Amino acid sequence: MRDLLSGPPAVVAAGVDVFSAALREQGTRVADVDWRPPAFGDPGDLAALALDPRRAAANRTAVERVLAAGSQLVDVRPAREVLGLDDRTLLHSGPPLTWAAASGPMRGALVGACLFEGWAADVEDAERLLASGGVALDPCHHRSAVGPMAGVTSPSMWTWCLEDPVGGGRAYCNLNEGLGKVLRMGAFDEEVLTRLAWMRDVLGPLLARAVRSMPEPLDVKAVLAQMLQMGDEGHNRNRAGSLMALRDLAPALVALHAPGDDVAAALRFIGGNEHFFLNLGMPTAKLAMDAARDVPGSTMVTVMSRNGTEFGVQTAGTGDRWFTGPAQTPVGLFLGDYGPDDANPDIGDSAIMETYGVGGFSMAAAPAIVRFVGGTVPDALATTERMYQLTLAENPAMAIPVLGFRGAPTGIDVLSVARTGWLPQINTGMAGRVAGTGQVGAGLVQPPRECFEQALAALAQEARTPR
Amino acid sequence: MSAPAAGPGVRHVSLRGGVYADSVRLMQVSRDVGARDGVTAVLVAMATPLNVDLAAGMGLAPDADASAEQLLIGIRAVDDDALAAAVAAVDAALAERERSRATADAQPARTTGAALDEAPDVPTLAIVSVPGQYAVLEAADAIAAGRSVLVFSDGVPVEQEVALKRAARAAGVLVMGPDCGTAIVSGVALGFADVVRPGPVGVVAASGTGAQQVSCLLDMAGVGVSHVLGVGGRDLSEAVGGLATLDALAALDADPATERVLVVSKPPAPAVADAVADAASRLTTPVRSAVLSPETPDLTAAVEALLADMGVPVPAWPLREGNGATPAAGAVLKGCYSGGTLADEAMLVAAPALGDVRSNTPLRPELGIAVDPSAPDLSAPGHVVVDFGDDALTVGRAHPMIDPTLRLEAIARLAASGEPAVLLLDVVLGYGADPDPAASLAPALAAAGLPTVVALVGTDADPQGWSRQADALAAAGAAVFASNAAATRHALDLLGAAR
Numbered sequence: 001m002r003d004l005l006s007g008p009p010a011v012v013a014a015g016v017d018v019f020s021a022a023l024r025e026q027g028t029r030v031a032d033v034d035w036r037p038p039a040f041g042d043p044g045d046l047a048a049l050a051l052d053p054r055r056a057a058a059n060r061t062a063v064e065r066v067l068a069a070g071s072q073l074v075d076v077r078p079a080r081e082v083l084g085l086d087d088r089t090l091l092h093s094g095p096p097l098t099w100a101a102a103s104g105p106m107r108g109a110l111v112g113a114c115l116f117e118g119w120a121a122d123v124e125d126a127e128r129l130l131a132s133g134g135v136a137l138d139p140c141h142h143r144s145a146v147g148p149m150a151g152v153t154s155p156s157m158w159t160w161c162l163e164d165p166v167g168g169g170r171a172y173c174n175l176n177e178g179l180g181k182v183l184r185m186g187a188f189d190e191e192v193l194t195r196l197a198w199m200r201d202v203l204g205p206l207l208a209r210a211v212r213s214m215p216e217p218l219d220v221k222a223v224l225a226q227m228l229q230m231g232d233e234g235h236n237r238n239r240a241g242s243l244m245a246l247r248d249l250a251p252a253l254v255a256l257h258a259p260g261d262d263v264a265a266a267l268r269f270i271g272g273n274e275h276f277f278l279n280l281g282m283p284t285a286k287l288a289m290d291a292a293r294d295v296p297g298s299t300m301v302t303v304m305s306r307n308g309t310e311f312g313v314q315t316a317g318t319g320d321r322w323f324t325g326p327a328q329t330p331v332g333l334f335l336g337d338y339g340p341d342d343a344n345p346d347i348g349d350s351a352i353m354e355t356y357g358v359g360g361f362s363m364a365a366a367p368a369i370v371r372f373v374g375g376t377v378p379d380a381l382a383t384t385e386r387m388y389q390l391t392l393a394e395n396p397a398m399a400i401p402v403l404g405f406r407g408a409p410t411g412i413d414v415l416s417v418a419r420t421g422w423l424p425q426i427n428t429g430m431a432g433r434v435a436g437t438g439q440v441g442a443g444l445v446q447p448p449r450e451c452f453e454q455a456l457a458a459l460a461q462e463a464r465t466p467r
Numbered sequence: 001m002s003a004p005a006a007g008p009g010v011r012h013v014s015l016r017g018g019v020y021a022d023s024v025r026l027m028q029v030s031r032d033v034g035a036r037d038g039v040t041a042v043l044v045a046m047a048t049p050l051n052v053d054l055a056a057g058m059g060l061a062p063d064a065d066a067s068a069e070q071l072l073i074g075i076r077a078v079d080d081d082a083l084a085a086a087v088a089a090v091d092a093a094l095a096e097r098e099r100s101r102a103t104a105d106a107q108p109a110r111t112t113g114a115a116l117d118e119a120p121d122v123p124t125l126a127i128v129s130v131p132g133q134y135a136v137l138e139a140a141d142a143i144a145a146g147r148s149v150l151v152f153s154d155g156v157p158v159e160q161e162v163a164l165k166r167a168a169r170a171a172g173v174l175v176m177g178p179d180c181g182t183a184i185v186s187g188v189a190l191g192f193a194d195v196v197r198p199g200p201v202g203v204v205a206a207s208g209t210g211a212q213q214v215s216c217l218l219d220m221a222g223v224g225v226s227h228v229l230g231v232g233g234r235d236l237s238e239a240v241g242g243l244a245t246l247d248a249l250a251a252l253d254a255d256p257a258t259e260r261v262l263v264v265s266k267p268p269a270p271a272v273a274d275a276v277a278d279a280a281s282r283l284t285t286p287v288r289s290a291v292l293s294p295e296t297p298d299l300t301a302a303v304e305a306l307l308a309d310m311g312v313p314v315p316a317w318p319l320r321e322g323n324g325a326t327p328a329a330g331a332v333l334k335g336c337y338s339g340g341t342l343a344d345e346a347m348l349v350a351a352p353a354l355g356d357v358r359s360n361t362p363l364r365p366e367l368g369i370a371v372d373p374s375a376p377d378l379s380a381p382g383h384v385v386v387d388f389g390d391d392a393l394t395v396g397r398a399h400p401m402i403d404p405t406l407r408l409e410a411i412a413r414l415a416a417s418g419e420p421a422v423l424l425l426d427v428v429l430g431y432g433a434d435p436d437p438a439a440s441l442a443p444a445l446a447a448a449g450l451p452t453v454v455a456l457v458g459t460d461a462d463p464q465g466w467s468r469q470a471d472a473l474a475a476a477g478a479a480v481f482a483s484n485a486a487a488t489r490h491a492l493d494l495l496g497a498a499r
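If you read the protein sequences in the order shown, they are chains A and B. The letter at position 359 of the first sequence is residue 359 when you use the numbering used here, and the numbering goes up by one with no holes. The letter at position 27 of the second sequence is residue 27 when you use the numbering used here, and the numbering goes up by one with no holes.
Incorrect hints may appear among the rest.
Stated by the list, open to error - Estimated spans, in silico, between C-beta atoms of each pair: (1) B:D22 x A:P96: 36 to 44 Å; (2) B:D471 x A:G404: 52 to 60 Å; (3) B:T405 x A:Q461: 53 to 61 Å; (4) A:V377 x B:E118: 49 to 57 Å; (5) A:R88 x B:A95: 52 to 60 Å; (6) B:E118 x A:G168: 35 to 43 Å; (7) A:T465 x B:E118: 54 to 62 Å; (8) B:P123 x A:V377: 46 to 54 Å; (9) A:A57 x B:A239: 49 to 57 Å.
Unchecked claim - Reference listing, derived: stretches of chain B covered by chain A, where coverage requires no fewer than 3 residues with Cβ under 8 Å from a Cβ of chain A: (10) 177 to 191; (11) 330 to 338; (12) 348 to 361; (13) 419 to 429.
Calculated from the structure, these hints are not laboratory results. Keep in mind it's a predicted model, so treat the numbers as computed, not measured. All residues carry an ideal CB built from backbone N, CA and C; glycine is no exception.
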């Protein structure tokens, strides 16, 4: 009976406070649990999960795989070559979606992609094509890919190809277009299409040659770890990471002896785009979370993602099943004259960062961002503290300086979400509701509770009838 | 990987993945470990080409190819012991984390698991008194964290109890309860428990007030207890199979402070009784049982037998003679209890003399009565013992050991009915109980004017003080006994029905 009878106990007490008071009267150390009834979940389901003999080991396995996964940049390829995109398929962010259910920015991005690929002559033509089902839509997540905001990825866009040297997994993400009027925010005007064409014709091939020429693959996980110590949280703030990526890519780009104007334009584009690294950070998180897929009995979340209409989550214990609810509209700060009415509901695969424990979960690491996303420094610290109570582990590779280099809270436990009533915190950008607008702001958002309610019920069902 | 050094002393060189710390932190670790006795060189650093070169210069080059995201640990020491200690010191330093203190309002722990995470190194016991349907969540947290847990909550389904106790056994911890009101661990009273002197007797109890009765009597005999481990009223049922009782017996057997064990319970399922007896016979510590049944001695007698085993003289159990009313002709016994075990014991002691005793928790089903919680009384015909601590009477209100309202109402109704009666009741002292039960009870007893006998369970060290409470109750006319069995027999004497 480990430690029980070896000396006076120190006590953790959940429930009525009369017992804690009596213990304090006796000079005993007592920590009170700020207990309240679980926010959701049938008591029988909660008990089934709490008592599932597989759960502890399964969650340990799942989170250890997440922590162990690495991420190396190994190639840059056109999406059609690595994502199996045929000539009339577009990938999008979030859970599965139809054109009819798509929100403004998603429609804008899909229209823009049809124009960019030359599948439609004009906007009306593109809308007709999409409405007729002439283009197949598939979530990025179904192809080991992730895309920020609308996440629309078309066959001729170039994608980063990352590999987990530990588990051997691969993950992909398109190239970041910069800020403002960009396809991922639903804009598709001439400026957007011109930039995409330059990225296709100049930037992508240059990056591909540069990455392939590097003597060692870029260790993206190590960059992510360092940026967290430099004031980025890896989701809404990627300034340090983008510059570190530029530092590592620049010599290889220059050494290609490509036309000087092209190299200069590429360097200027990367250096001028604070979010350039996001599209490397996201597949890094994706590699880690995919490493934890399909662990029977695990209640850990492997995907949080949104398509602008619905929020979806997946868990390690339930494979590829989506659990969805209506996407919420973020709260935060707006660019220029834009206001809350202009913002589209939450959109993008970028919540993979929070699923991995950075982004909003590591908000304490990014004091420079907290006001931008509508909070104070103590709010940021409190947010990260709360997230520790939702998660299974602290990621030693992702240290948060202000918290005494404590590791990022990693591995969301559906059961803990239900019990605490705290929902995961996500830092996010805001796209305009109207197709073609672009970015209108950035802020904070939480998943709808329904996702976790459904996941909990499914996990409990699975716990009662293990495969 | 550790290999003998080419030079003097021994060395350890290893590479680890999945760990990143900034160079300042790693330089601190290197410096601190390098300052230890017997350590001659240390390099803990990310395995960048620069650092690998540095290590090679120190004779600490890794055997395998290193990459920059790996952590390189190289140590040279004078002997194997110093080397092993240095490696352990590196591990400890890397695992060490300053707790976050930057935030003014730290987030309170919402779950037992989160609270245990906050104090990872403190040997800790968890107490769970949340509503029964959720108790399993908190208890499972404690077991997963390798901590024993006392589940005070009632209403936990028996299959959950079994699952928790099985998990606890696998984890090497103890689940006390569910529905466990009483425990004393190394002198600390948990739940409803008395301040009892330390001593050689360990108590395992499937009964809360039963555990209080025996521990207080052991205290009054000058013996005292090592620990009182409540296991929950269902532990010795066939469904649970004595899982916690067997684990508690093993724990007490291994405990150097425990020289004797007393098991207090209602009659166990026969197969479980055999298993417990079999386990007890294999312990080095002598075990005696106090089982509440028609065939066995009462709790006080069981304690007296244990004292005889130990060669300790049985003291005169404390009492206060009351000077209250004399029973009228035809008086019946009206028991008004807060402790279920004590109510059972009173009925077991009284039934041979009185015959049938009716109760809401009867000895035999056909003697059952219902008690209306909105108008509680003791008015069933004949001899009646009501357990006001029964779950049916505590819905939406505190236990009668804390809240006297229902019992005071019942006493007033009994007095008003004019039915000739001897009133028998228990008053249980200790932590968690009413801070001054006599303050409300003594005036009520005086007003009722009935011949009254009180079983006062407690010690003088309790916050309420046995003598102080006894004096106040005796002043109101009650005869007060430390032993519930003695109190019941005194009531029988008053009824003129003593054996």
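Comparing the hints with the structure gives:
At about 42 Å, the beta-carbon gap between D22 of chain B and P96 of chain A stays in the expected band of 36 to 44 Å. In this structure the supplied range 52 to 60 Å holds for D471 of chain B paired with G404 of chain A, their Cβ-Cβ distance being about 57 Å. In this structure, T405 of chain B and Q461 of chain A break the distance hint of 53 to 61 Å, their C-beta atoms being roughly 45 Å apart. Taken as a hint, the range 49 to 57 Å is violated for the pair V377 of chain A and E118 of chain B, whose Cβ atoms sit roughly 22 Å apart.
Remark: the range hint 52 to 60 Å for R88 of chain A to A95 of chain B is upheld by a beta-carbon distance near 53 Å. E118 of chain B and G168 of chain A have their C-beta atoms about 38 Å apart, which keeps the hinted 35 to 43 Å range intact. For the pair T465 of chain A and E118 of chain B, the supplied restraint of 54 to 62 Å is violated, since their beta-carbon distance comes to about 36 Å. In this structure the hint that P123 of chain B and V377 of chain A lie 46 to 54 Å apart at CB is violated, the actual value being about 35 Å.
Between A57 of chain A and A239 of chain B the beta carbon distance is about 27 Å. The supplied range of 49 to 57 Å is therefore violated. Counting residues of the stretch 177 to 191 of chain B whose C-beta lies closer than 8 Å to any C-beta of chain A gives 7; at least three are required, and the coverage claim holds. For the stretch 330 to 338 of chain B, the stated coverage by chain A is not satisfied: 0 residues place a CB nearer than 8 Å to a CB of that chain, which falls below the threshold of 3. Only when three residues or more bring their CB closer than 8 Å to a CB of chain A does the claim for the stretch 348 to 361 of chain B stand; here the count is 0, and the claim is violated.
Only residues whose beta carbon comes within less than 8 Å of a beta carbon in chain A count, and the stretch 419 to 429 of chain B has 0; fewer than three means the coverage is violated.
Violated hints for the displayed structure, listed by number in ascending order: 3, 4, 7, 8, 9, 11, 12 and 13.
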